[in-house]
Each structure stands twice: as structure tokens, then as C-alpha cells.
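Order-wise, the sequence lines are chains A and B. Counting from 325, one number per residue, gives the positions in the first sequence under my numbering. Counting from 68, one number per residue, gives the positions in the second sequence under my numbering.
Treat the hints with care, as some may be off.
The list that follows gives simulated cross-link-like pairs (lysine-lysine, DSBU-like), each with its CA atoms no further than 30 Å apart [to be verified]: (1) A:381 to B:173; (2) B:135 to B:125; (3) B:125 to A:337.
If you're looking for bench data, these hints aren't it; they were derived computationally from the structure.
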Amino acid sequence: KAGVTQTPRYLIKTRGQQVTLSCSPISGHRSVSWYQQTPGQGLQFLFEYFSETQRNKGNFPGRFSGRQFSNSRSEMNVSTLELGDSALYLCASSLGHVAEEQFFGPGTRLTVL
Amino acid sequence: AQSVTQLGSHVSVSEGALVLLRCNYSSSVPPYLFWYVQYPNQGLQLLLKYTSAATLVKGINGFEAEFKKSETSFHLTKPSAHMSDAAEYFCAVSEAGANSKLTFGKGITLSVRP
């Protein structure tokens with residue numbers, strides 16, 4: 325079956341702009357989690373959506389937000405971009421139980437100039 | 068709160084040598100533990116996971132890990148390294164009540180010398 329897809333794969337924005345990233349999970353998966361990966365901080369959990377509800381949230385400012393649609397597809401939005409938001413943003417889907425494997429997409433590389 | 072420590076950022080081994088990547092965790096409840104691998108310009112792929120069944124867990128590509136509660140460790144090993152094992156490896160922990168939140172270690176880059 326098809327894997328997790330993320331669009332776009334690469335994005336260049338300037339400070340102050342906003343951006344929306346998209347994630348399509350594996351068919352049948354109801355949980356979508358988002359992670360930020362940077363060389364300095366590593367992989368950090370942003371938030372998780374399950375059946376259109378935010379079920380868990382990491383320690384990121386309110387500029388980072390997300391949503392999930394009825395077909396489980398998810399979007400992540402970052403407003404008022406800062407240079408430090410430059411990162412690889414990964415989404416992962418799973419059946420939703422804590423012990424289940426999370427399947428990761430290839431990521432969206434965001435560069436903020 | 069859950070946390071993961073991966074000591075060192077880079078490990079280099081010769082092809083055919085033993086691979087040992089260390090992972091220690093902290094969790095207030097019985098944890099679920101995972102090892103993921105990331106190849107350049109790709110997402111993460113699960114190598115193996117511990118979910119309170121057997122303490123010795125076998126994964127893909129010849130990797131295995133042993134859960135040791137007394138040492139709060141979950142070290143990853145492979146008897147004989149291949150060139151294709153060169154990648155970044157992440158240990159992660161999740162726990163009941165955290166839903167699908169994974170807490171990752173900083174990652175270790177494995178280099179394999181011919």
C-alpha cells in the first residue's frame with residue numbers, strides 16, 4: 325500500500341510569511357503526528373491528531389498549528405516565520421495506539437530566508 | 068516525563084565488525100522503546116520495537132536490541148556491519164498515556180569503513 329506522502333518536499337519562504345504543509349497518511353491510519361528535525365535540537369514532537377482532534381501537543385509556540393480532516397489528511401501551519409523555523413518537518417501516521425509503529429513520510433524541507 | 072539519551076553523536080566501525088549503538092531511557096511508567104534509521108534525504112524507518120513482550124527484540128537487516136530494565140537501557144547491536152548500514156540511528160520512547168508521542172534521542176551517525 326502507498327506510504328505517507330508529504331507536500332511540498334521543498335519550500336523557501338522569507339521571515340514573516342506563513343506556510344502550510346500537507347501530509348497524507350497511510351490508508352486506514354487515523355493518527356498523524358508532526359515532528360520538527362534540526363541539526364541542533366534533533367527530532368522534536370510538535371503535535372498529534374487522531375480522528376480530527378488534537379490529542380497531544382509538544383512545547384512549541386502558538387505560531388505552530390495543525391488540523392486533520394475527515395479523511396485523516398493533515399495540515400500543519402506556521403505563521404510569522406522566523407529564521408529558526410528552518411528545518412525538516414516530518415509527519416508520521418499510525419493506527420493510534422502508543423505501541424504501534426509510526427510510519428514516516430520523506431519530510432518537507434523548509435528554508436526561511 | 069520520558070526522555071532518551073544516546074551518548075556520542077558518531078560511531079565508526081569497519082565492515083564486518085560489531086555494531087553497538089547505546090540508548091538509555093527515562094520513563095515513569097513501563098516504556099515502549101523503538102529504534103529508527105534515517106538514510107540521507109529520507110524519512111525514518113522502524114528497525115525494531117520493544118512493547119513488553121520478549122526482552123530481546125529482533126528487527127530488520129540483522130539488527131537486534133535488548134531491553135534491560137535494571138540498566139534502563141535498550142542498546143542496538145548487529146554482529147557484522149555492512150556498508151549499507153551507514154545512516155543515522157534514533158532511539159525513541161513512548162509510554163502509556165502519551166498516545167502516539169515519541170520522544171527521540173539526539174541520534175547517532177554510523178559510518179562503516181571498507
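These are the hints, each one checked on the structure:
no., hint, result
1, A:381 to B:173, "holds, 20 Å"
2, B:135 to B:125, "holds, 15 Å"
3, B:125 to A:337, "violated, 43 Å"
The structure shown violates just one earlier hint, number 3.
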